[in-house]
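Asks: Sequences listed follow chains S and L, in order. In terms of my numbering, the first sequence has 8 at position 28, counting the first letter as 1, and numbering is strictly consecutive. Numbers in my numbering are just positions in the second sequence, counted from 1, shifted up by 5.
Note that these hints are calculated values from the structure, not bench results. Every clue listed holds true.
Cut-off 25 Å, straight-line C-alpha distance, at most; resulting in silico cross-link-like pairs (DSS-like, lysine-lysine):
{"#": "1", "chain 1": "S", "residue 1": "Lys153", "chain 2": "L", "residue 2": "Lys28"}
{"#": "2", "chain 1": "S", "residue 1": "Lys153", "chain 2": "S", "residue 2": "Lys67"}
{"#": "3", "chain 1": "S", "residue 1": "Lys163", "chain 2": "L", "residue 2": "Lys13"}
{"#": "4", "chain 1": "S", "residue 1": "Lys153", "chain 2": "S", "residue 2": "Lys163"}
{"#": "5", "chain 1": "L", "residue 1": "Lys13", "chain 2": "S", "residue 2": "Lys153"}
{"#": "6", "chain 1": "S", "residue 1": "Lys(-5)", "chain 2": "S", "residue 2": "Lys39"}
{"#": "7", "chain 1": "S", "residue 1": "Lys67", "chain 2": "L", "residue 2": "Lys76"}
{"#": "8", "chain 1": "S", "residue 1": "Lys68", "chain 2": "L", "residue 2": "Lys76"}
{"#": "9", "chain 1": "L", "residue 1": "Lys76", "chain 2": "S", "residue 2": "Lys39"}
{"#": "10", "chain 1": "L", "residue 1": "Lys28", "chain 2": "L", "residue 2": "Lys13"}
{"#": "11", "chain 1": "S", "residue 1": "Lys(-5)", "chain 2": "L", "residue 2": "Lys76"}
{"#": "12", "chain 1": "S", "residue 1": "Lys68", "chain 2": "S", "residue 2": "Lys39"}
{"#": "13", "chain 1": "S", "residue 1": "Lys67", "chain 2": "S", "residue 2": "Lys39"}
Fair warning: this is a prediction, and the values are worked out from it, not measured in the lab.
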Amino acid sequence: MDERPEELLIEEARKGGREAFAELARRHERRVHGVALRMAGNVSDADDLAQEVFLMAWKAIGSFRSGSSFYTWLYRIAVNTSLTFLKKRVRERDRVPFDENLPVGTAGRGLSRGPEAGAAVNELAARIGEAVAALPVHFRAAFALVVDQGLSHADAARVLGCSENTVSWRMHKARRILQARLKPYLEEVRS
Amino acid sequence: MRCATARKRLSDALDGALRPGRKPGVEAHMRICEPCRSYRDGLVRIQAGAALPDAHPPGFWAAFERGLDLKLAAGEAGRAAVAPPLTVRRRLAWAAAAAMVLAGAGLWYALLRPQVSVTEAWVPYEDVLGPLVQAAEADPELAAAVDREVRAAIDEMMPAEDADAVVLSAADPLFWEGLSDDELRDIVTELEDETGRGGPL
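Next up, chain L with everything else stripped away, as it sits in the complex:
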């Protein structure tokens, strides 16, 4: 053991803070090291001589208490009212923070929750429906029933079409009224090429 280590541990020992397992090492060092023994003796003398003088003149503490009473009376007006312990306030703060986080998470889920696509939604049922689709290939009635169910399921999962959206088709006269003359001419030409008949011009 080095002298520096031994002296640090001597200081701990004087304060009653030396771990029991370290004591034998310190004692062994003291047996072989005269400078450290001298250092230890010095520490012991300092410790013994460091006691504060406790002899106070008669009436010292009575005078001290009278002076203190006067100061306490003067300071009473400024004494802080009993405040709730800090721990209570901390708990309230944590509860408020937790409530805000929960509210934020709920709002996020309500507004921005991830949408499942039809393709992704199909995957978990693929294994179950596979044998059914195979059986339906041999039974037209079953095939029709499966087809209806699959289409109904897909329709259910698909977003509803906007009822207000205007969907124009060739059967709707408005479709033709919205086209320019050039567009109508191109359509007629294409129909004549394909079918030999023109459109409703």
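Just chain S, same shape as in the assembly:
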């Protein structure tokens, strides 16, 4: 386990140290992959997307300002790369709308990993995953940062380049959409 402080790794990476950057990537790969997974909606695309994020960061590490937050900078690249990726993705145009009558795993954009991993998640969790994947991309990005990554509204606002108030409203609207879409399942669980 590399014990060097992050600031030192960043400085070495800025000078061209690929090994130092690889260590930085190892420390942040789960977070970046989580954002990519939430944004892309499936593991296969998330893998490519996360690697693309690190490649972009490696190319741009020279412009990273020391004293700034590295993970905020990395998240910003992750969100922007994801948005670009989603725009390019052809199948984004013909996204299957969320259908509460479809059986789990056939709604198209769920986070299921196939039979072996799908057995591990319950039906409500799978439905929630599908409903989040069907959110508008900017709501999904806010959701990924605040709920999945645990960022404060202020940090999420810095990543997304908007105000805290905007993050707050996006989260509220995202939750209203999720509530409306998942209402039958929530009532079922309650009863």
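Given chain S's structure and the hints, the job is docking chain L onto it.
Replies: Relative to the frame of chain S, chain L by itself:
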């Protein structure tokens, strides 16, 4: 509190972004509003169920890192060289802009600085010189001295006459040579009318 406001604040509360002063109002609303309580329960369930699956197959991250290493190696050639931070470049740009503004202001002052007229220049000294002029009225010697000083000051402030300018006067023969016959005749007539004597015709 309206239900819409309460629900917005519930969302903030779930994210740890609700201002402390607003919490009692939300709680009071929850006590009396069953639909909002139900909405809150739903949000909590969604929040709990939204966790991303973190179970990856064995070797997943090792494979991810190997793939990333290959991409980094391939992309190394295209990596941008370490550029000076943007702030340094911004500072240089601002310094250059400030220098240009100063140079422009200096040039403007050198070429187009406002000229003070003799009348305007006199005004600040009027109060000081007033009593002196009054005293000079009773003392001819002082009057002459004041007159000399005032004239010298005025001469100093007045723009110098162009040394190359040709100033013709009646004492200069060139003045008379430049006049036409009609002009000379008019002058003679005027002099005869005024003095009874003609000019140098």
